[in-house]
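Trainee: Below are the chains, spelled out letter by letter.
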Amino acid sequence: KAGVTQTPRYLIKTRGQQVTLSCSPISGHRSVSWYQQTPGQGLQFLFEYFSETQRNKGNFPGRFSGRQFSNSRSEMNVSTLELGDSALYLCASRGETRTDTQYFGPGTRLTVL
Amino acid sequence: GENVEQHPSTLSVQEGDSAVIKCTYSDSASNYFPWYKQELGKGPQLIIDIRSNVGEKKDQRIAVTLNKTAKHFSLHITETQPEDSAVYFCAANPSGGGADGLTFGKGTHLIIQP
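Going down the list, the protein sequences come from chains A and B. Numbered by our numbering, the letters in the first sequence go through residues 1 to 113 in order. Numbered by our numbering, the letters in the second sequence go through residues 1 to 114 in order.
Read the hints as simulated data drawn from the structure, not as lab findings. One or more of the hints may lead you astray.
Derived DSS-like pairs: lysine-lysine, alpha-carbon spacing no greater than 30 Å straight-line [to be verified]:
#1 LYS57/A x LYS37/B
#2 LYS57/A x LYS58/B
#3 LYS42/B x LYS22/B
I would like the entire structure built from these sequences, with the hints used as guidance.
Mentor: Below, the structure written as structure tokens:
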């Protein structure tokens with residue numbers, strides 16, 4: 001099976017712009033979660049989508065949003081970018097239950113100038 | 001919410017020796033504890049996980065132990081090799097009615113000295 005794929009792998013944006021990141025889960029996985037990884041805060045949960053519905057959300061401002069399509073592919077959007085949004089954004093997919101293993105993609109490295 | 005503490009932040013061991021990384025968690029209802037290895041430029045890769053109905057699990061050179069009473073779990077790597085050098089993260093799946101995200105520790109940078 002192909003693993004989790006994320007596009008693009010690298011992005012450079014300027015403050016105030018918006019960005020959309022894409023994630024394709026492992027075939028058959030209906031749950032997609034997004035995480036932000038920074039040196040200072042580590043890995044932090046953003047949100048999870050399951051069958052096109054947001055199941056849970058972490059403690060991030062409303063500038064961070066996401067959606068999931070009927071084929072389970074997911075996108076996350078960050079509006080009005082700030083310097084502090086520079087991070088590695090990771091997507092993870094899993095099966096239907098909370099204790100199913102989460103498999104991570106390689107991430108999208110976002111740099112905000 | 002759940003809080004996961006991980007120690008040490010950096011661990012340097014001689015090749016062939018054992019390495020132990022420890023984590024504690026706060027939510028007694030957490031029931032799933034995975035460990036991930038992250039190499040430079042890559043996403044985290046699951047190396048082993050344990051569920052709360054099991055006290056210990058082993059996979060070749062890697063083992064994880066769980067003490068639910070004390071709310072801590074540990075990763076043990078024996079006969080370390082250069083390719084074990086990476087950042088290791090522990091995580092816990094907190095309780096809740098929905099599908100909460102994993103709460104991660106801050107990571108341990110494991111350095112294997114030749």
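Trainee: Each of the hints needs a verdict: does it hold here or not?
Mentor: Status of the hints after comparison with the structure:
no. : hint              : in the structure
1   : LYS57/A x LYS37/B : holds (25 Å)
2   : LYS57/A x LYS58/B : violated (33 Å)
3   : LYS42/B x LYS22/B : holds (23 Å)
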